[in-house]
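**Student:** Residue numbers (our numbering), protein chains in the order written: chain A, 4 to 82; chain B, 116 to 484.
These aren't lab readings, by the way, just hints derived from the structure by calculation. Quick reminder that beta carbons are idealized off the backbone N, C-alpha and C, glycines included. Be a bit skeptical, because a hint or two may be false.
If you want a taste of the chain B side facing chain A, the calculated C-beta under 8 Å gives, among others [stated by the list, open to error]:
1) T122
2) C142
3) G144
4) T256
5) V305
6) T307
7) V308
8) G310
9) F352
10) G364
11) T414
12) T417
Single-letter residue listing:
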Amino acid sequence: MCLAIPMQVVEIDGFNARCAAKGIEREVSLFMLQDEPPTVGDHVLVHVGYAIQVITEQHARSSWELLDEVLGGERPADA
Amino acid sequence: MSDDARTWLARLQALDLPRRVRILNVCGGHERSITQAGLRGILPANVELIPGPGCPVCVCPEEAIYQAMQLALRDGVILLAFGDMLRVPVNVPKDEPRSLEQARAAGADIRPIASPLEAVQVARDHPDRQVVFFAAGFETTFAPVAAMVAAGLPDNLLLLSAGRLTWPAVAMLLDGQAPGFDALVAPGHVATVMGPEEWAFVPGQYRIPTAVAGFSAGSLLAAFYSVLRQLIEDRPFLDNCYPEVVREGGNATARRLLEEVFAVGEANWRGIGPIPASGFILRERYAAHDASRRLPDHTDATRRRVGEMPPGCDCARVVLGQIYPTGCRLYGRACTPRNPVGPCMVSDEGACRIWWAGGIREPEPGTAA
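Turn these sequences into a full structure, and let the hints steer you where they fit.
**Tutor:** Here it is, written out as structure tokens:
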């Protein structure tokens, strides 16, 4: 359950954000990034619907390659 | 394999290694990456990778699952849990539901969720019902749970906490007679939230080489190289091989939220027993949302095999890194993901399920430690 998915912030409304990964959009809470608020276009690591850390685009990309290998066909919603 | 991984592997293979080195990991995600990438097969034969206490579902107390089932069956609450929890068996007579999934089939309103945000939504959608979020998880997961609580809960949403801290389980192993490992790979996303410093006690007090790792083969091999080199040079320290995500001090907001919402106290680990300072307990100010304070206690200390693993299941020893999954006599025989006996074969983070999914089929006895 400590699996975290890299996503890109698409839209921000207070602590709520729309984030996208692989063409899928999800509501993500930014409540845990109050000390380091991301902006639209930033990449974040998402665990159980909460962004836990801002990451670089490069790390987001390499993490996705890894997740594709490890997860195969599993959906990001299950993470 | 990436160039990065190849480089670390070549460096690692050039080391002058001791006869036998056992490296423990504490994260189901690490174990999954190790197994899927086949890292055991490419490392020198004297390096053993031992899956350790990296599965919160596996150590979730049997009594807590039983209690969650009874709240849904007898008190009519809507019971929410992460999907992994639903098939974990409890010890009950044959004619009773033995998992949340079976309780649901028997008519209880039990729903899998993937996020604390969904728990809040379900409670809002059903203002006339009592909703209980039965949450198991380590620090990474409990920071979001703390965020959910701190952001303000609907009146009808209660939390049944089975949250656990990872480092106290490692401390318990190190304080035991035979820790069973020579080096530690510390969990990447726990360290993202809590900061890598939490693990400094392992090299500091116990002189066990330690490195925080990410989830790519490159990051894991870098961590293995680091701890092996620390061991050879007799220079244990805390290395961070996941610096792109794990930063000094962790996520300050997350730590503040955890501190605000949860006290830390002794907690039971299934099949292992109580571990000091290892459980997240809702603070007094949130007592109105604490299912363990507000709702009837259905735990029955006289129930047969209360708190234990299922009969014949060696999950507790797998969790403690004392045996490999293949060392359990049920592995691949009576116990498969389709018909799991123990929690280690149920959860995606359980070592047995990961090994099975990785194609390891030999039900030979093996000893890790």
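**Student:** Can we keep the T256/B interface hint, with Cβ of chain A closer than 8 Å?
**Tutor:** Holds, about 5 Å.
**Student:** Grab the minimum C-beta distance from C142/B to chain A and call the hint holds if it beats 8 Å, violated otherwise.
**Tutor:** Result: holds, 6 Å to nearest chain A Cβ.
**Student:** So, V305/B near chain A? Judge it on the closest CB pair being under 8 Å.
**Tutor:** This interface hint holds because 7 Å falls under the 8 Å limit.
**Student:** Interface hint check: T417/B, Cβ to nearest Cβ on chain A, cutoff 8 Å. Holds or violated?
**Tutor:** 32 Å, violated
**Student:** Restraint: V308/B near chain A, CB-CB cut 8 Å. Satisfied or not?
**Tutor:** Holds - the Cβ of V308/B comes within 8 Å of chain A, reaching about 6 Å at its closest.
**Student:** Under 8 Å is the threshold here; is the Cβ of G144/B close enough to any Cβ of chain A for the hint to stand?
**Tutor:** Since chain A brings a Cβ to about 5 Å from G144/B, closer than 8 Å, the hint holds.
**Student:** Using Cβ atoms only, decide whether T414/B comes closer than 8 Å to chain A, and label the hint accordingly.
**Tutor:** This interface hint is violated because 24 Å lies over the 8 Å limit.
**Student:** Hold the hint about F352/B up to the distance rule: shortest CB distance to chain A must be less than 8 Å.
**Tutor:** Since the shortest Cβ distance to chain A is 24 Å, the answer is violated.
**Student:** Using the nearest Cβ pair, does G364/B come within less than 8 Å of chain A?
**Tutor:** Because about 10 Å separates G364/B from the closest Cβ in chain A, which is outside the 8 Å limit, the hint is violated.
**Student:** Hint validation: T122/B versus chain A, beta carbon distance must be below 8 Å. Holds or violated?
**Tutor:** 15 Å, violated
**Student:** Was the hint right that T307/B lines chain A, CB cutoff 8 Å?
**Tutor:** 5 Å, holds
**Student:** Report holds or violated for the interface hint on G310/B, using the least CB-CB distance to chain A and a cut-off of 8 Å.
**Tutor:** 12 Å, violated
The earlier numbered hints that this structure contradicts are 1, 8, 9, 10, 11 and 12.
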